[in-house]
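**Student:** The chain contents come next:
2 protein chains.
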Amino acid sequence: MTILDGKKVSNDIKNEIKTEVDAIKAKGERVPHLAAVIVGDDGASLTYVGSKVRACERVGFESTMVRLPYTTSEIELLRKIDELNNNDDIDGFIIQLPLPPQIDTQKVLMAVDPSKDVDGFHPENFGKMALDMSTFIPATPFGILELLERYKVNTKGKYTVVIGRSHIVGRPMSILMSRKGWPGNSTVTLTHSNTQNISEITIQADIVISALGVPNFLKADMVKEGVVVIDVGITRVADDSHPKGYVITGDVDFKNVSKKASFITPVPGGVGPMTIAMLLKNTLLARTQRRNA
Amino acid sequence: MTILDGKKVSNDIKNEIKTEVDAIKAKGERVPHLAAVIVGDDGASLTYVGSKVRACERVGFESTMVRLPYTTSEIELLRKIDELNNNDDIDGFIIQLPLPPQIDTQKVLMAVDPSKDVDGFHPENFGKMALDMSTFIPATPFGILELLERYKVNTKGKYTVVIGRSHIVGRPMSILMSRKGWPGNSTVTLTHSNTQNISEITIQADIVISALGVPNFLKADMVKEGVVVIDVGITRVADDSHPKGYVITGDVDFKNVSKKASFITPVPGGVGPMTIAMLLKNTLLARTQRRNA
Numbered sequence: 001m002t003i004l005d006g007k008k009v010s011n012d013i014k015n016e017i018k019t020e021v022d023a024i025k026a027k028g029e030r031v032p033h034l035a036a037v038i039v040g041d042d043g044a045s046l047t048y049v050g051s052k053v054r055a056c057e058r059v060g061f062e063s064t065m066v067r068l069p070y071t072t073s074e075i076e077l078l079r080k081i082d083e084l085n086n087n088d089d090i091d092g093f094i095i096q097l098p099l100p101p102q103i104d105t106q107k108v109l110m111a112v113d114p115s116k117d118v119d120g121f122h123p124e125n126f127g128k129m130a131l132d133m134s135t136f137i138p139a140t141p142f143g144i145l146e147l148l149e150r151y152k153v154n155t156k157g158k159y160t161v162v163i164g165r166s167h168i169v170g171r172p173m174s175i176l177m178s179r180k181g182w183p184g185n186s187t188v189t190l191t192h193s194n195t196q197n198i199s200e201i202t203i204q205a206d207i208v209i210s211a212l213g214v215p216n217f218l219k220a221d222m223v224k225e226g227v228v229v230i231d232v233g234i235t236r237v238a239d240d241s242h243p244k245g246y247v248i249t250g251d252v253d254f255k256n257v258s259k260k261a262s263f264i265t266p267v268p269g270g271v272g273p274m275t276i277a278m279l280l281k282n283t284l285l286a287r288t289q290r291r292n293a
Numbered sequence: 001m002t003i004l005d006g007k008k009v010s011n012d013i014k015n016e017i018k019t020e021v022d023a024i025k026a027k028g029e030r031v032p033h034l035a036a037v038i039v040g041d042d043g044a045s046l047t048y049v050g051s052k053v054r055a056c057e058r059v060g061f062e063s064t065m066v067r068l069p070y071t072t073s074e075i076e077l078l079r080k081i082d083e084l085n086n087n088d089d090i091d092g093f094i095i096q097l098p099l100p101p102q103i104d105t106q107k108v109l110m111a112v113d114p115s116k117d118v119d120g121f122h123p124e125n126f127g128k129m130a131l132d133m134s135t136f137i138p139a140t141p142f143g144i145l146e147l148l149e150r151y152k153v154n155t156k157g158k159y160t161v162v163i164g165r166s167h168i169v170g171r172p173m174s175i176l177m178s179r180k181g182w183p184g185n186s187t188v189t190l191t192h193s194n195t196q197n198i199s200e201i202t203i204q205a206d207i208v209i210s211a212l213g214v215p216n217f218l219k220a221d222m223v224k225e226g227v228v229v230i231d232v233g234i235t236r237v238a239d240d241s242h243p244k245g246y247v248i249t250g251d252v253d254f255k256n257v258s259k260k261a262s263f264i265t266p267v268p269g270g271v272g273p274m275t276i277a278m279l280l281k282n283t284l285l286a287r288t289q290r291r292n293a
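If you read the sequences in order, they're chains B and Z. For the first sequence, the tail end lands on 293 under my numbering, and the numbers increase by one without skipping. For the second sequence, the tail end lands on 293 under my numbering, and the numbers increase by one without skipping.
Chain B extracted, bound-state conformation (with noise of 0.2 Å):
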């Protein structure tokens, strides 16, 4: 059984990215400039954002980091993201979810300029990724795709379950899985809220993907012998006897699932430190698009 290092890898994943910024650097050009804008005080936001803002730092990137009130209007935001689009300092931006209740987020995720989408989570970019073209893949799929070809893990014509079909996970994981190339070329099945017997399914699996978000979900029971597991499940639970107290904890039982598996993700230490890295790729590609445009 091997563990997919996701701490390791995107570990590796920065150094590579650094070299690149010293290489840009060395030719007198601008580093890459990634800014985030928050709205409100939330704070695992506040958390997200600050370790966003760190990793910049860690690679040599720009950043900036936009805090707007929790007030803020819809017109005001937008006004902020169109000042972002045309500010030709900035190279990627992202906006920190959620928003509050008076802000329609799909409006705002609209008026994100695609070539400056690092999330990958306007529809333009969105629709180029399921039509094979190259685009900003969303950064949580796009780490998970890092790790299995790091780890040289064969998809091909593999049996892929996803399990939970959200816009930033689920969904595009079944897509990119299924596409020509590698990682992809597998069979894929994408289960949700109204799959009926998913054990029945998950258990026929060659490499299983859970992004479902319920602790301890995919038990042993559920996979065969020699599956690949990746667990994209990060929930909060309540645990007196760690100092924050609460543990951070998967969809998958990890002691007993990974006796039988091939390869598996940890959490924490797996999907979750792939995905700044693979943000920070997307700010670096974009980055270079504008200075070859």
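These aren't lab readings, by the way, just hints derived from the structure by calculation. Worth double-checking, as some hints may not be accurate.
Copies of the same chain are indistinguishable here, so a pair counts whether it falls within one copy or spans any two.
Said to hold, decoys possible - Pairs of lysine-lysine residues, derived as DSBU-like cross-links and limited to a Cα-Cα distance of at most 30 Å, are as follows: (1) Lys-244 with Lys-219; (2) Lys-152 with Lys-107; (3) Lys-219 with Lys-27; (4) Lys-180 with Lys-8; (5) Lys-156 with Lys-224; (6) Lys-152 with Lys-224; (7) Lys-8 with Lys-255; (8) Lys-25 with Lys-7; (9) Lys-219 with Lys-158; (10) Lys-152 with Lys-255; (11) Lys-180 with Lys-156; (12) Lys-219 with Lys-7; (13) Lys-158 with Lys-180.
Fit chain Z to the supplied structure of chain B, relying on the hints for placement.
**Tutor:** Structure of chain Z alone, referenced to chain B:
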């Protein structure tokens, strides 16, 4: 066993559209206007476009056929598209495929204004579909949804297997059948040329949608009793006993599979006629959206 009668349903839809067009006329407003661009003299393409023009006449739409020579350059075609994008008298238009080799198809499809893209081939519209936003759904998948809906085929929690991952049928169909709502909410497996042991997958399916283009591929021993079968294949098979010298043949061994099926589409007269009806429906939608814009 119930035949999903695409010929009848497409006629019903055309009648419904005609009624709406009559109401538009009665209000003294401009009727919907579809344009079709065809490059070169390919016989099949001319036949398809001819059918679309006749369908427009049938429901009272205006139509324009733009014929360009086979030697048209990419830049000339892009200029024509720009003209159609900016022509306020045109509600929607399509570029008949395939295009000659000197033209980059993807670049051309990207140039169509998404609000006039009644084929639903622009990545922005494709992405909206995948992200559950309202948009133009490509005509063939849209037609299949409409057939399932009008015959009240239950899809929720059912197991759907899609054969073929083309951009215009298999891929969008796999997305649409797994979306929330009805028809949808299926557990969907997308199979393709790299799929192993496909009959072990199809035999489990409640619904099989075949868009492979291999005559009589789906045999009776590959499906279970009560299956719903949608046959998207249309292959010309040489047959000297027919005046045209060929017969249009589906992916499904209809004679034997129909004995096990609860619902099945014939070929011809199933999915085929629905495609043009849904193109008209998209054009009417484009007209309505432009009037309300």
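**Student:** Hints first: check each against the structure and report whether it holds.
**Tutor:** Hints and how they fare:
Taking the shortest alpha-carbon separations for Lys-244 and Lys-219, only the intra-copy value of 27 Å comes in at or below 30 Å, while the best inter-copy value is 59 Å. For the identical chains of this complex, Lys-152 and Lys-107 are neighbours neither inside a copy (39 Å) nor across copies (33 Å), given an alpha-carbon limit of 30 Å. Taking the closest pair of Cα atoms, Lys-219 and Lys-27 never come within 30 Å of each other, the shortest separation being 52 Å inside a single copy and 63 Å across copies. Taking the shortest Cα distances, Lys-180 and Lys-8 sit within 30 Å of each other inside one copy (28 Å), while across copies they are farther apart (37 Å).
Taking identical chains as interchangeable, the C-alpha atoms of Lys-156 and Lys-224 lie at most 30 Å apart whether they share a chain (18 Å) or sit on different chains (27 Å). In this assembly of identical chains, Lys-152 and Lys-224 lie within 30 Å of each other by CA distance solely inside one copy; the values are 20 Å within and 37 Å between copies. Only within a single protomer do Lys-8 and Lys-255 lie at most 30 Å apart by alpha-carbon distance; the minimum there is 21 Å, versus 57 Å between protomers. Taking the closest pair of Cα atoms, Lys-25 and Lys-7 come within 30 Å of each other only inside a single copy of the chain (27 Å); across copies the shortest separation is 65 Å, beyond that limit.
Both within a single protomer and between protomers do Lys-219 and Lys-158 lie at most 30 Å apart by alpha-carbon distance, with minima of 21 Å and 24 Å respectively. When the C-alpha separation of Lys-152 and Lys-255 is checked against a cutoff of 30 Å, the pair qualifies only within one copy, where the shortest distance is 24 Å, while the shortest distance between copies is 45 Å. With identical chains, the CA atoms of Lys-180 and Lys-156 are at most 30 Å apart both within one copy (9 Å) and between copies (29 Å). Proximity of Lys-219 to Lys-7 under the C-alpha cut-off of 30 Å is restricted to the intra-copy arrangement: shortest distance 24 Å within a copy versus 49 Å between copies.
With identical chains, the CA atoms of Lys-158 and Lys-180 are at most 30 Å apart both within one copy (13 Å) and between copies (27 Å).
Checked against the numbered hints given earlier, this structure breaks hints 2, 3; the rest are met.
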